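Heads up: the protein sequence lines correspond to chains A and B, in order.
Under my numbering, the first sequence has 221 at position 221, and the numbering climbs by one with no breaks.
Numbers in my numbering are just positions in the second sequence, counted from 1, shifted up by 1000.
Read the hints as simulated data drawn from the structure, not as lab findings.
Any given hint could be a false lead.
[Unchecked claim] Pairs of lysine to aspartate or glutamate, EDC-like flavour, derived with a Cα cap of 16 Å:
hint	chain 1	residue 1	chain 2	residue 2
1	A	Lys254	B	Glu1258
2	A	Lys245	B	Glu1258
3	A	Lys245	B	Asp1099
[Said to hold, decoys possible] Chain B side only, calculated, beta carbon under 7 Å to chain A, not exhaustive:
hint	residue
4	Phe1211
5	Leu1214
6	Gly1218
7	Phe1222
8	Asn1257
9	Leu1264
10	His1303
11	Gly1307
12	Glu1388
13	Ala1391
14	Leu1396
15	Leu1397
16	His1402
17	Ile1404
None of these values were measured; they are calculated from a predicted model.
All C-beta atoms in this analysis are idealised placements derived from N, C-alpha and C, irrespective of residue type, glycine included.
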Amino acid sequence: MSEKQKDQDLSRRDFMSIATAGSAALGAGLILGQPQTAFAAPAASKSAGHAAIPPGWANAFQPAATAPLYPPRQAPKMGEKIHEFDIELGISIHEIVPGIKIHAFTYNGTYPGPEIRVPEGDWVLVNFTNRTSEFHTIHWHGIILANEMDGVPNGTQWGVGPNQTFKYLFRAQPAGTHFYHCHNMTNLHVQAGMFGSLIIEPKEDLVQRVFPYKREYTLLLSEVDTVMVEKQMEEMLRMMTTMEKMNESPKLMKEMNGRMMGWFMNKKAFLDAVKAGYIPPYVAANTGRNAIPNFNFFLINGKAYPMTEELFIRSGENIRVRLIGAGAMPHYMHLHGHDFWHVCQDGSPLQSPVRLNTIPIFPGTTSDIIIQGTNPGMWHFHDHSDLASTNNGLFPGGMMTMVMYEDAAEHGVKVPEIVQVNS
Amino acid sequence: MKLFSRSLLTLGLSLLICSKAAFAVQAQPVPIPEDPSVSPQINISGVGLGTVGYDKNGEVQSGKGNVNFSDSALQIGGAQKLYEGGGVGSFGMGWLTIDESNKGTTSPFFLHQAFLDYQDEKYEALVGRSDNLNAHLVDFPTLRGDDLITLTNPLNPFSNGKNVEEHRYANVAAFTLNQNLKYFENIHAQHLINSADPNADTGLNSFGVTFQYLGAPGLESFERLPSWGFGYERINVNSKSSSGVNQAILGGIVNLNESVVNRLELGLQNIYTWGSDLRSFSTITDTFEADSNAVAASIRYLHTPFGRPAYQVSLTTGYKNYSKVSDANSYGVALTGVKRLGHGFDVVAQYQGQWRTSTLSTAQSQGLGYEQRAEIGFAFNFDATFNEHIALRRTLLNQQHHYISD
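Bound conformation, chain A alone:
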C-alpha cells in the first residue's frame, strides 16, 4: 500500500471513529454529528486503533488527502479491470410533464443520460459518439484524471464533431457521488439534457457501515428555460449544419474562419480581430435569444412534479439519497417531517455527519444524505426556494417529490395519493 493509500484510509477511519463515538452516546442523538442510535451501524471495530483520537477538525485534518489514490496519467496494466460504456448522443423529444415537450440532446436517448456506476480504482472506457451536427464533449465532474480526458472543448480536447467518436479513459477515483456533463456551450447543453450521474463505489462503504441501507436513490437537480433551449438549439443546428456543409466543399472551406465561429487561436488573435472590426456576438447577440435564461421548469432526473419519481422507504429503514447539482441554480432540498443526515459532500464522507432538514445543493456539488424511516407517512421532499416548486410559474410543480412509506397504512397513516397540478 502506498503512502497515499494509507492517508486515504486514515481519513476514513477517522470518519468511522466519530460515528462510533456517536453510537456510544446513546440518547444524545440531537448533538450535531451524532447519528441516532436506533439506526447506528454496528460499532466499528475498536481494533481500528483510533478510538482514542479526539474528534475534531484539527486532529482529523490530512493535508495530503486530496492527492489522487492512483496516478492520473497512468495507463491501464494487464489484468486491471476496464468497464467499457458506449454513449451515443442524439436529438430526441423529451417530455418534462404532460403537455411540455422540448427537443433535447440525449445521451443514449435519455434525459438525463444513463448512470455510470463502477468500483473505485477500476478503469472506465467511454466510447462517446456524437450523432448531432454540433460539437460536444463529456466532462467528468469531480474525477481526478489525465488532463486530456477532462472533456473541455478547445481546452483539453477539440469538441467531438458530427459522427466522431472520442474515447474517454480514466481511472475511477475518488470514490463517491459524481456526475458528468457536456462542457461545450454548457449553459445550453446541460439544460438540453447532457448530464448524468457517475457513481464510484468505494472499496469500503463507510456510509453503509454506519447507516446500513439497501435502497438508494440518485436525484439529479437541474432547471430549464424551455424557450431558450428550443431557440438556441435551432440556432446552433443551423450554424453547425452550415459548417458541416462547408466542410464538404473545398471552396466553402476557404470561406470558413474563426471569426464566423467566434474561435480564436489566443487572446491576442481575439483582440486583433476586434481592432480590425470584429464585433463579438455578446455586443449585439446574434445567436438566438439574447436574454439571460428565464428558467420555467425545475427538474429532478429530467422530470418536474408531478412526474418526478417517488422515494420509497419503510419504517426503520435507511435510504441513501445522492443529490447532484447538475444545473445552474442552487437548490435547497427540504424534507417534511424528518431530519436527515448529511454524510458525504462532493463524493467524500464528511468527518462527521450533519443533521439537517434542508440541505443546499449548489451548482456542481453533490451531497449524499441518509433518510431514516422514523415517521411513517407521505412526505414532501422539495426545493424550498419556492420559485423552483412551480411549473411555468404555477405552484405546485418543479423540483418536488415524495418520500413514501410503503408501510404507512400499517402505522395508521392513510393519506391518499393526490396529484395536484394547480393550487
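Following the hints, complete the assembly by docking chain B onto the known chain A.
Same frame as chain A, but now just chain B:
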C-alpha cells in the same frame, strides 16, 4: 420593404390579443370572456423606412425632391397554445404607411393585416386581411414592396389605382396543408379590395390555389432552388368586357453560388393573365384587368463575411406587355443597395425607373412616358416577443427531429 429578410410576415404569425384584465377596458365584447390569468405570447414588429429622393417623371415635368416614409409598418399580435392537438391560435394586426404621405390630406396608414390564424403541424387556416396569397410567391429585393409593382405583382382588377397596397393585400380565407413544413398547398377565397366601384358588392371575388416549396430554413445557401412555387387565380370581375379573368403565376429563387459569404441569387417570376376582352384602356383599372404577360427577374448579391450581413446589392427588372391592347408595353428597373450599420439598422439607396408606351402611360401614369426616382435613406427593423412560450413552426428541429408544436 424587403431587405435581408423575406418579409415581416415570415417572422411569425405572432400576434396580439387585447386581453381583458380585471377593471381594464376591454377592446371589444367577445363571445366568451377570456380568462385574464393566461396571457398570450405578444409580438411587436416593425419596419421604419425613410428616404430623401429626387423624382423625374416624363419630359414635361420638372424634377422634384421629396421625403418618403411609405412602406414603414408596425405589426402587433398575440398567440396562444390551444387545448388539444398541439395547435396555436393567433391574431395579428398591422398598418403600413402609404404613398399618400406627402399629400397630408388622407390617411397615411393602410390596414394591411387583421387576421385570425390557426395552425398545427399539418394545417393552417387563416381568415381576415392579409397578404394576397399570390403576391408573395417571390419577394423581389427592391426597397419597398410596391416598387415596380405593376411588373412584379399580380394586379387587382377592382382597384382604382390610387393605393398600390390593394394589389398586395386582400381579405382572405385560406387553408394550407403542408408536408414536413417544406411543401405547402393552399386553397383560398379572397375579396380583392374594390375601390374602383365601392358601391358594388363583389363579395368573394377571387378564388385560387397555390403551391410553394420552401427549403430548409437558414440553409438557403446550399440549395439550388431554395424556394419556388406556382399558383392560379380566378377573379370574377364581371365587367362589361369579361365575366372573369385568370391569373397564372410561376416563380422561384435560383441559388447561383453555393456560398455562405457571397450569396448570389436569381429571382424569376412570370404572371400570365387571360380571359378579358379588353382591347383598349379607358381607366387605370382596365390596365389591371386586361390580358397580359409580366416577366420579372432580379439578381441579388449579399455579402455575409462572418455569419452576419454586411451589404447587399440587387438589380430588379421587369417587362410587361398586353396581348390584346396595342402600344401598351412597359418595362422597369431598380438598382438597390443596402449597407448594414448595426443589428436591424441599414443605410439604403435605390434608383428605379419605369417606362411605358403611350397607350399604357395615358391610362396608368397620367401620360408620363417614364417615372424615375433616386433616393437614399435609412431602414430599421425589429421584432420583439414578450411572454414567449411558442416556438417557431418552420424550424430545422421540427423538420429533422420530429415536430413539437410548443
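Open item on the list: For a quick check of understanding: which of the numbered hints are violated here, in increasing order?
Closed with: 3, 4, 5, 8, 9, 10
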